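S.K.: Each chain, written out:
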Amino acid sequence: MSIQGHFIASTQGRIFVSQFGNTKSDVAVLCAPPVAEELNLSRAVLAKQCQAFAQQGLDSFILDYFGTGDSEGEFEEGSLTDWCEDILSVGKWLQSLGYQKLIVLGVRVGALLLGVNQQKLHAQLPIIGQILWKPVTNGKVFASQLIRIKQANQMMSNSTEKVNWRNEILAGNNTEVAGYVLTKAFIEGIEAAVVPATVEWQSPVSWLELATEKVTPATRKFVEASDVIAVHTLQTPAFWQVPEVFDLPELSAVGVTITNKLLGE
Amino acid sequence: MEYAFTFSSNNEQLLSIVHPSVKRNDTGVLIVVGGPQYRVGSHRQFVQLARCLADAGYTTMRFDYTGMGDSSGKKAEFDAIDDDIRAAIDAFMQQQPELKRVVIWGLCDAASAALIYGHQDTRVKGLVILNPWLRSEQAMGKTMLKFYYVQRLFSPDFWRKLIAGKVNVTASVKEVKNFAADSVGAGKTGSQTSYQERMKKGLQQFNGKLLLILSGNDLTAKEFEQQAFTDKAWQKIKSAQCFTERLSDSDHTFSTSAWKRQVEQHTVAFLQRLK
Numbered sequence: 016m017s018i019q020g021h022f023i024a025s026t027q028g029r030i031f032v033s034q035f036g037n038t039k040s041d042v043a044v045l046c047a048p049p050v051a052e053e054l055n056l057s058r059a060v061l062a063k064q065c066q067a068f069a070q071q072g073l074d075s076f077i078l079d080y081f082g083t084g085d086s087e088g089e090f091e092e093g094s095l096t097d098w099c100e101d102i103l104s105v106g107k108w109l110q111s112l113g114y115q116k117l118i119v120l121g122v123r124v125g126a127l128l129l130g131v132n133q134q135k136l137h138a139q140l141p142i143i144g145q146i147l148w149k150p151v152t153n154g155k156v157f158a159s160q161l162i163r164i165k166q167a168n169q170m171m172s173n174s175t176e177k178v179n180w181r182n183e184i185l186a187g188n189n190t191e192v193a194g195y196v197l198t199k200a201f202i203e204g205i206e207a208a209v210v211p212a213t214v215e216w217q218s219p220v221s222w223l224e225l226a227t228e229k230v231t232p233a234t235r236k237f238v239e240a241s242d243v244i245a246v247h248t249l250q251t252p253a254f255w256q257v258p259e260v261f262d263l264p265e266l267s268a269v270g271v272t273i274t275n276k277l278l279g280e
Numbered sequence: 226m227e228y229a230f231t232f233s234s235n236n237e238q239l240l241s242i243v244h245p246s247v248k249r250n251d252t253g254v255l256i257v258v259g260g261p262q263y264r265v266g267s268h269r270q271f272v273q274l275a276r277c278l279a280d281a282g283y284t285t286m287r288f289d290y291t292g293m294g295d296s297s298g299k300k301a302e303f304d305a306i307d308d309d310i311r312a313a314i315d316a317f318m319q320q321q322p323e324l325k326r327v328v329i330w331g332l333c334d335a336a337s338a339a340l341i342y343g344h345q346d347t348r349v350k351g352l353v354i355l356n357p358w359l360r361s362e363q364a365m366g367k368t369m370l371k372f373y374y375v376q377r378l379f380s381p382d383f384w385r386k387l388i389a390g391k392v393n394v395t396a397s398v399k400e401v402k403n404f405a406a407d408s409v410g411a412g413k414t415g416s417q418t419s420y421q422e423r424m425k426k427g428l429q430q431f432n433g434k435l436l437l438i439l440s441g442n443d444l445t446a447k448e449f450e451q452q453a454f455t456d457k458a459w460q461k462i463k464s465a466q467c468f469t470e471r472l473s474d475s476d477h478t479f480s481t482s483a484w485k486r487q488v489e490q491h492t493v494a495f496l497q498r499l500k
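The listed protein sequences correspond, in order, to chains A and B. FYI, in the numbering used here the residues of the first sequence are 16 to 280. FYI, in the numbering used here the residues of the second sequence are 226 to 500.
There are no misleading hints in this set.
Covered by chain A, per the in silico footprint, the following chain B stretches (three or more residues, Cβ under 8 Å): (1) 259–269; (2) 294–303.
A few chain B residues that don't get close to chain A, going by computed Cβ distances all over 12 Å: (3) G282; (4) S419; (5) Q421; (6) G427; (7) D456; (8) K457; (9) K461; (10) K463; (11) Q490.
In case anyone wonders, no lab produced these hints; they're calculated from the structure. None of these values were measured; they are calculated from a predicted model. For each residue, glycine too, the CB sits at the ideal point set by N, CA and C.
Produce the entire structure from the sequences given, and follow the hints as far as they go.
M.R.: Right under this line is the structure:
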């Protein structure tokens, strides 16, 4: 199993792609990772999943959206629209390498990007199945979680000043939250990104509810509205939020089972 | 242009990103990753730092050690990555043949790893260590005493609660006493070959220059300072070979652009001083 990294051209600049395995068979897994600190915290777990795929002969790739990870640019220069274009750029690059079918794996905001761009992604890429890890389905909730970090920090620094940071950012005052600059464009973009329960999924979806034993009512709505979603629950740590989780073999094993099923093995 | 490169260490594949500088310089910087992070760093600090250093003339490499980020294997402990660091420097110099010497840059437990490794490799001419991880029961006791409780005693909120009868004074005093007893007691127990000892030995035997950057708002930094600046065995930290910079408001990971830029400036100034 080989591990390599590549910089490839996308709409805004060069973006980084990690590659696990190099069998050059006709199927590849393309991972759309989370963003901000969730990207850092979940990276090793996602890479281990890709290594497990590669050990089964399934080449896997993780892309970094423009302004995130090892890609060019800064966080505040990218947008959700650019990030979808990045998924398309990498998908097309994989096709140029000879992969004829893609399985996409979206983690958190990565899953949100897949959800809101179902039609577009399936129209342009040969996607045969999707795996979602604890998907964010409402960008507004994600944005308010980010902003809450700012509020918590302010409280901890004993400031009595009460600031509505969302309004501040929307008024055009870029604000740093835990080391990332949030802009008006980012907040507007992510708040507009909502996956409706009635979304028409364009290929089979394996929806993994993680760090829980129960399917939430919100997820149940998605599952009931679609006949292509299979939901699985797995009592993992919330590795995208907590530090020091590097490997979840039980999660990797579920991924391998799902892809084997998709490939009819 | 930045490029990715995979090298091996003890049969594991480690992924790195190299940031070549167009201004040819024989000193390169190797960023070692610490804590739960991978080669990008908290809030992309290592990416931004590497780009800044490359612009300033210093080719820089970042990598995931065994089991971290994209690299293969079971995650190594931070005090057992000598082989990975050596393999990284080998690969770095092979990739960038103009390099003759290396400065290792590390935050938190990667700073500890850099101190442990540095003296073993003559190619390492400098270390930039930020908020080194030197936790020990003894240091914790002392730090808690000095900074937590003293701070509490001076906090208006504490006094308000005290006056309102909301603080159990006996319990608080007992707690302080226990911490004091622990920190004094632990100091007597003799030699360990702990990572703390190896860090100390590493500094004593290191012949290059060192830049220590400490955050003001960080218990890890305070613990290190408390030990290293009071313990005789650490006295080299006050020598002419070692420079200390303090960022009085910064948190542990330098989580604002302003703090990140200050760290970059201190690092560049240190690299220029190496000549």
